[in-house]
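Asker: Heads up: the protein sequence lines correspond to chains C and B, in order.
Per my numbering, the very first residue in the first sequence carries number 718; after that it's consecutive.
Per my numbering, the very first residue in the second sequence carries number 7; after that it's consecutive.
Where hints are given, some of them may not hold.
In the BS3-like style, the derived pairs of lysine-lysine whose C-alpha atoms are separated by at most 27 Å in a straight line are [unchecked claim]:
id, chain 1, residue 1, chain 2, residue 2
1, C, 948, B, 64
2, B, 123, B, 133
3, C, 768, C, 948
4, C, 899, C, 850
5, B, 194, C, 730
6, C, 755, B, 194
7, C, 768, B, 64
Hints are computed from structural coordinates only; laboratory data are not their basis.
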Amino acid sequence: MRNFTYLQPENLKQAAKALEKNEAMVMGGGTDLLDLLKMDIAAPEQVLNLKSAGDAELRTIEEKDDKLRIGGLVTLAELAADDRLRRSYTVLQEAAAAAATPQLRNAGTLGGNLCQRPRCWYFRDPEFSCLRKGGDTCFAIDGRNKFHCVVGGGPCYIVHPSDTAVALLALGAEVRVRKGGKTRSVPIGEFFVLPEVDPQRETILGDGEFVVGVEVPAPGRDTRSSYTKFKFREGWDFAVVSVALVMDKAGGIVRGGTVALGGVAPVPWLDAGGSAALAGIGGQDRRLDAFAGALLAGAEPMTENEFKVPLTRNLAKRALVELLDR
Amino acid sequence: MPTRDKPVDPGRRTFIKTLGVGVAGATAVGAMGPEADAEESPALPAGTQILDLTVNGKRHRLHVESRTTLAELLRDELGFTGTKVACNRGMCGTCTVLLDGLAVYSCHTLALDAHGKQVLTVEGLMKGEELHPLQQAFVDHDGLQCGYCTPGQVMAAEALLRENPEPSRADIEAGMAGNLCRCGAYPKIIESIESMKGGR
């Protein structure tokens, strides 16, 4: 690992100021950034340690004005252990608990989880100068692409690796982004960037901008939610595909809901077709195949990942059946 | 950004162990000191900082490079070689230590992120030459084969049992998911941990 200057702001104000002046990379838990540094994928002169900022808003989970505000430095372990999340924002609690290992969940933060870089093996290998690293080739197209995307790809075919982002998308969350003295809220669906817009970045974050937290609208009394993740190895892994399901239920019938998918696209994927097909299912109406068939409309699998389409559909069916009974 | 001191750039593994804290060190710890709030945010001398941490109950002050990992500090500078490094990528768990009571991968934690914190390594579990009951359980139940991953397994198990003294088998499997054993001693590792239930 190359050496760097480690900036230690005492508060958000100093952090924002330092980031306006320096091209520092922001570090939360460091679980992803350290990997990028060790592999020389990133070689910043300066790294800003957001954890040194003492502001309580970075570390708290607070219910206020029909919203849940979660600080960007709240760890995945803290999210997974939170009773408010377990009760009302189940999909987010389950996504956090399904991510990584106990050790990584103790270190990894929500903000960092949203801003982590993709796992594509060509991106992670310093030998490959791929599109995402400023090269002119996506090696996955003619290479090994078992774990790459089936929708939203081109000219780069990564999948977004975050579990919590998929859950937050299904919940309609907003990401709080700070630059200088100002904080703005960005709907999470607009926070992530498709490769057709810019293949070298995954988020809209520009110079001097960083994530300070998220805001999640409070679900209704009849809302139920779940996160279902398929891993290649059960012990721990990134999602091959995952399904975040948030739906309103009355008398055992789904009134409406949202399906967001992980592991299928370069961004957390809001599935409009699948979401629209949810209403009315329940009781005697078990149009599960119609629901599953509506998912991943327009999918264009690559040479090795066609399996992701039926896998996603079956996983979504399972998630729906289980959630109907909750 | 102004610097207050000449950049100190010792070799990767050559640290300057400070005896007491000099003036430069003391002002440096805050990095962006309170006086910086209004206008400037001065950084430390490029690439190095003073680290103040407690390992196994004993306090240490050292001058370290930013890139130094906690595992490198523990092994190469402080001599706690019980902590092993295998993957050095935060994936295998051999380097697991407790940081303020929570299990972390020391190879994937910057030493400077342990500033002001308590680190517990496998050496800290022992009383002199006497094994900790959890270590003894691994011996009694053959919870190891080659033994290389064992210090990490023991520390992960210690964290698990502190949080949940009566873990179910599923709790143990989930709690130990971050530690690989390439000899495949998993059934015996689980058995070793199960034997600790109620016996602490």
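Asker: Please write out, lowest number first, the hints stated earlier that are contradicted by the structure.
Answerer: 1, 3, 4, 5 and 6
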